[in-house]
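Enquirer: Two chains, two frames, some hints: make the complex.
Those protein sequences? They're chains A and B, same order as listed. Going by my numbering, the first sequence opens with residue 1, and the numbers climb by one from there. Going by my numbering, the second sequence opens with residue 102, and the numbers climb by one from there.
Treat the hints as calculated values from the structure; they're not laboratory data. It is possible that some hints are incorrect.
Unchecked claim - Computed Cβ-Cβ distance ranges for the label pairs, DEER-style:
1) B:F212 to A:E19: 43 to 51 Å
2) B:C216 to A:M10: 38 to 46 Å
3) A:T83 to B:Y223: 53 to 61 Å
4) A:R79 to B:A156: 25 to 33 Å
5) A:L12 to B:R161: 35 to 43 Å
6) A:M10 to B:I222: 18 to 26 Å
Backbone N, C-alpha and C define an ideal beta-carbon position, used for all residues, glycine too.
The chain contents come next:
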Amino acid sequence: MGKEEQPVRMSLQTLRVLEAFLENPTDELAGADVQKRGGLASGTLYPILLRLESAGWFVSRWEAVDPSSVGRPRRRLYRLTATGLRRASEIFATFGRGVLV
Amino acid sequence: MTPRDEAQGGARPGLARSGGLSHWLVRHAARRSPAALAQRLEEEWLADLAAQADAPSRLRFALGCCWAMRIIARDYLASAARASDHATEHGAIVLGQHGPSSYFQRTTILFLILCLHVFVIYGFVTGLAQKVIQAIPGPMRTTILDQPRAREMPPPPITSFLPTPPRIFSLVAPTAQFPPDALKDSFIPQPLPQPGGSALPPTRSTQVIRIVGGPGRGFPDPDDYYPLDSRRLGETGVATVRVCVDDTGRLASAPMIAHSSGSARLDVAALKLAMAGSGHYRSTTEDGKPVSYCYPYRIRFQLKQ
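With the rest of the complex left out, here is chain B (with noise of 0.2 Å):
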């Protein structure tokens, strides 16, 4: 009858009082033992569980049995290295054998190891972790920039270019309000004197009232065209558009720049405004009948303060 025998045989009235747990426990820990103890460590440990008062008692004793093989395994694994020739009779203890398995892991740890350090020196050497810590983003940093200053350019003399005082838009006030009253332009022919001194007095007076048009409701809020660039670098001036205008304040042909404002992103942006605007223009009226014309105006783009 074997050792494993005995205890399985020796086990069974055991593991009738006790119940199942608390021996698939002892069963359990002594099989992970080392080899050379399990069968002995089976034995004992049931033969001890059998002497618990308790089933509590008992769990706990199956419990400490599991760590109790951790410790031994980890003992015996110590004690393998010392060679020893102590032999008991049954069960003894058998130390100091190395097996295969331990030698591998030993091995693989310790190469585990040596390209570890091989790979941290590299790493020094090669300036990697340099590299890495330049990977790794650093903290953002706001830095506060100073705003550019604006161009301080003098406004064109716009009026010497334009016959006609022209409008203005205005960014101050985003609704732009257009003056309502509109240009009048009257002029009234004279007679051409005669000869002989005597003038006829004028049979027929020939008068046309010309109310010059504009921009008119629902045209475009200039500020939706200030560029941003612009207003990023502070840019302001005074651009005029000419544009031609037809009797339903439509816009008879593009716009052109009669004076620039300084920068072209103005002038495109006001070139742009007056486009969009083509519908919303008050037609110029001579004796109160719209008809197509060309005039120019101002817009300016200012910033708010």
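Pulled out of the complex, with its shape left as it was, chain A reads as follows (with noise of 0.2 Å):
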């Protein structure tokens, strides 16, 4: 994507996001889908995917679909980029788990 790297803080927060992530790491997820899979809160979350699609490891886009005829806002769904599923492999290969790309 020929983006630097930025440094992220890595909290248990952050943990919990990227492991919601790589339960399969090429689903697209939503803001409310992360949040039940990692069981944060809204105030967390938000930030930390902020954090991750700022620093590269994520994309994001709108769900298309149409918010009329589906009766609901869009979605913005989240997805690893490669650089992001590399990080998040290393971290967790670091925390003593392993991780099925």
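Expert: Put into structure tokens, the structure is as follows:
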């Protein structure tokens, strides 16, 4: 992507977010999905998502649905980038957990 | 259709379902986020709000968004210093832009810190801190001072100045009691001796019985006239006052100090007491009839034990 990696402050909450994505790294998850998987509060979750996206670990896009037809607003979907996947795998390997990619 | 329109359009169903408070909180939090993220966060949060199961969850989610807004704003300001070319599709995160207000705030804070340092250094250099410390009253201290010793003055030999023994007021008893007996002056004219050696027997003797008056009933309490300064300094003494009292017990003239007590304060107090007692003197009587008469009496100022 031609983007420099930015340092990410790793906390337990950040690890939970990464863990939620690493269950199936190709999945695109909305904030509400990550909240349910990781058991995080919204006040903690969204700053982490934005930090990881700003660091290039995540990319995000709007859900391709028509709000009027589905009866709800569009969701913002996040997905791990290759960099994010590699860095998350390294971190969890450091903690002694294997990650299947 | 802009993202805001889309967000508002898409938020209406959620609004209808979840009530106003949670939506208001989410919208409020999103709109107070950094401008570059406000639209995106509003739509994203409203969508995730709609995914919450029940009203308490939605309220918790909305309150969390308010907290997230503060953290995101802080992170945004922190990362604004770093240049970034990261751009995504709609709702791209734009970092690395300094607003003029940011420069103004930083400059103001820096200036205030600089002024504070200058003030502190100025205070130390000029001794301002020492003045402030001196201006602050210290703890109250009580020092026991030695009482000045009363001047040991021998009582004046009053008797040598007075032809008759005067009466004495004493402050030892606040209700001054005066001796009820009055001095009785009596004189008996002696018959002149006749030339030739024979003396005629006295055909008639003239005898005037004089009872000298003095302070009577209702006379002021001498203790009330003992000067406070004299009490504090331990001054004691006996002042002899000469008064002229008419037949009604009133002063016929101003009293005078016949013999000083040794202290001007006590002498003045004695005169005041004598003046205040006008109308309360016992008149001098001659053969039982009140007459005007001048006589001295003594006032003793003595500290109680």
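Enquirer: Checking against the hints above, which ones are violated?
Expert: Numbers 5, 6 - these are the hints that the structure violates, sorted from lowest upward.
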